[in-house]
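J.: Required output: the full structure, derived from the provided sequences and hints.
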Amino acid sequence: MTELLLFAIPASMMILGALIVVFAKNPVHNAMGLVLTLTSLAILYITLNATFVAMVQMLVYAGAVMTLFLFVIMMIGVDKPEQSKEQIKGQKLLISGTLLLLISVVTFVGLENGFNWNLLFPQSESSFEGTPSLLASAMFTSWVFPFEVISILLIVATTAALALAYEFKKSDAND
Amino acid sequence: MSVELILAFVKPLLGLGLLLTNTILLIWLERKVVAGMQSRVGPDRAGPFGILQTLADAIKLLLKEQILPMKADKAMYLLAPIVALVPSFLIFMIIPLGPGFDLKVGGESKFINMVGADINVGVLFFLAISSLAVYSVVLAGWSSGSKYPLLGGVRASAQMISYEAAMGLSLVPVILYSGSMSMSKIVESQAGSLSSTIPIIDSIVRFIPNWNIFPQFLAFGIFFIASIAEVNRAPFDLVEAEQELVGGFHTEYSGFRFAMFFLAEYINMFNMCAITATFFLGGWLGPTFEGILPPFLSALMPTLWLGVKTFGLLFVYFWIRATLPRLRYDQLMELGWKRLIPISLIWLMISAIVLAIRDFGLPWS
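So the protein sequences, as listed, match chains A and B. Just so we're aligned: 69 in numbering that gives the first Met the number 0 is position 70 of the first sequence, and the numbers increase by one with no gaps anywhere. Just so we're aligned: 138 in numbering that gives the first Met the number 0 is position 139 of the second sequence, and the numbers increase by one with no gaps anywhere.
Bear in mind the hints are in silico, worked out from the structure with no lab data behind them. Careful, some of the hints might be misleading.
[Stated by the list, open to error] Where chain B lies over chain A, by a calculated footprint (3+ residues, C-beta under 8 Å):
{"#": "1", "region": "19 to 32"}
{"#": "2", "region": "140 to 154"}
[As the list claims (entries may be wrong)] Below, simulated SDA-like cross-link-like pairs (lysine to any residue); rule was C-alpha separation at most 25 Å, straight line:
{"#": "3", "chain 1": "B", "residue 1": "337", "chain 2": "A", "residue 2": "160"}
{"#": "4", "chain 1": "B", "residue 1": "70", "chain 2": "A", "residue 2": "25"}
{"#": "5", "chain 1": "B", "residue 1": "146", "chain 2": "A", "residue 2": "160"}
{"#": "6", "chain 1": "B", "residue 1": "109", "chain 2": "B", "residue 2": "99"}
{"#": "7", "chain 1": "B", "residue 1": "73", "chain 2": "A", "residue 2": "25"}
{"#": "8", "chain 1": "B", "residue 1": "337", "chain 2": "A", "residue 2": "151"}
{"#": "9", "chain 1": "B", "residue 1": "146", "chain 2": "A", "residue 2": "70"}
The structure displayed is predicted, hence computed values, not measured ones. Ideal Cβ positions, reconstructed from N, Cα and C, are used throughout, including at glycine.
T.: Okay, structure coming up:
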């Protein structure tokens, strides 16, 4: 019962947040909906004993990334409600129809293949805990090569972003 | 009901009461200290030494009309003060207030730790939750539908992201040095006194406590500066700069909603000082005078030591506020990105190399 509640409350908050992201008209409300989703996801990680991942999720996504989102929304002044006029005639109907079809297909296939609804906490008996030391020892021994490759990838991306944003002065030689 | 369940309710309630009482004291203390530094008297009407002034102010704010601006975004406007309070209460729950004690319930003894939740990633929890505090400022500024609050909100988001990076980076060497991310383990690692392998230095150094501030002095400096910026105190109070922004993000707030922002700011300040004391000044460690004092008092000594350290740091906060002028916006950004972050990165590397040599020996040996 406790486990079900611990799952159901964050999960429903998550879905609520996702719905706000999609349906709210104001970009700031959308961003806050996303914050709700990301925070609820962090709570779900905690229920799965992955405290480290949960904290990093809060720190990176809910903390840094979303603050930057909000900052950009406010800075470039797109915080006006968006137009709800249809660009293509009947687009809302078309999209809701497609979505409904998709959901029914997935449900049908799931039910046909004997989908087990008791999937909550399949490994809740395991004593594994996502402590930083366990994660670090895995990351820096067996997975050290992918880890370093990812760090190089991130540095390359940062440098590329800098190169794109930086205005190289062409007239330096003439001055 | 199990003891754990009762504790889960009692601990947050105790924390809430402590923080609220503490805030009343803190606001009075700040006004008195700053007044003393500026050769003024400060509050002296309500109660002895004016100590009830804050209580009177709180009652006034509670009874005031709460104005909702016409152009405000209603949902976000009402949400912002709540978002301000939640992280400040959450952070307090991970600060270890003492070593814990044994409680006898119905014949069986049970260990009770004096911390709301002793999680093994306490440092990360602190950073994650304090990064949520920025939402309240940004949302309040944006939702007020007025230009000065918006400016305050935009400033806040830039400032808090910048200094959060420096703050997080300055904590990494401390984690490396202590060998744990758990707050109570960090406190325990600072027990005893400093020791050195050189006998002459050792005889002097033995009288200095083994606090992180001595080996990690640079990290302490960076963390202290960044923490002042993180709680938006002078000289980093550009977010609410009264002279330029008429109060910044809380301009349009009145009554109890304004009081909630104020409360959150002071609780954040207290938390930040308590956490600084925990990371760098040995937390609750200190002489307990066991045997000299009655056992009840000597059991309270650790908490008292943490209080002394925290209020000492708070005094420095007030002192800085009374003496330093506010930074200009470009100076603020430059200090954060061009000074604090590079220094903390270099310090992290130096600490890592020194610790690696200490633990694994020189690379050629």
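J.: Compare the structure with each hint and give your call.
T.: Hints and how they fare:
1. 19 to 32: holds (count 4)
2. 140 to 154: Check failed, 0 qualifying residues.
3. B:337 x A:160: The given pair, whose Cα atoms are some 19 Å apart, holds under the 25 Å limit.
4. B:70 x A:25: holds (14 Å)
5. B:146 x A:160: Roughly 31 Å between the alpha carbons, so the hint for residue 146 (chain B) and residue 160 (chain A) is violated.
6. B:109 x B:99: holds (10 Å)
7. B:73 x A:25: holds (12 Å)
8. B:337 x A:151: holds (23 Å)
9. B:146 x A:70: Answer holds: residue 146 (chain B) to residue 70 (chain A) is near 15 Å, not above 25 Å.
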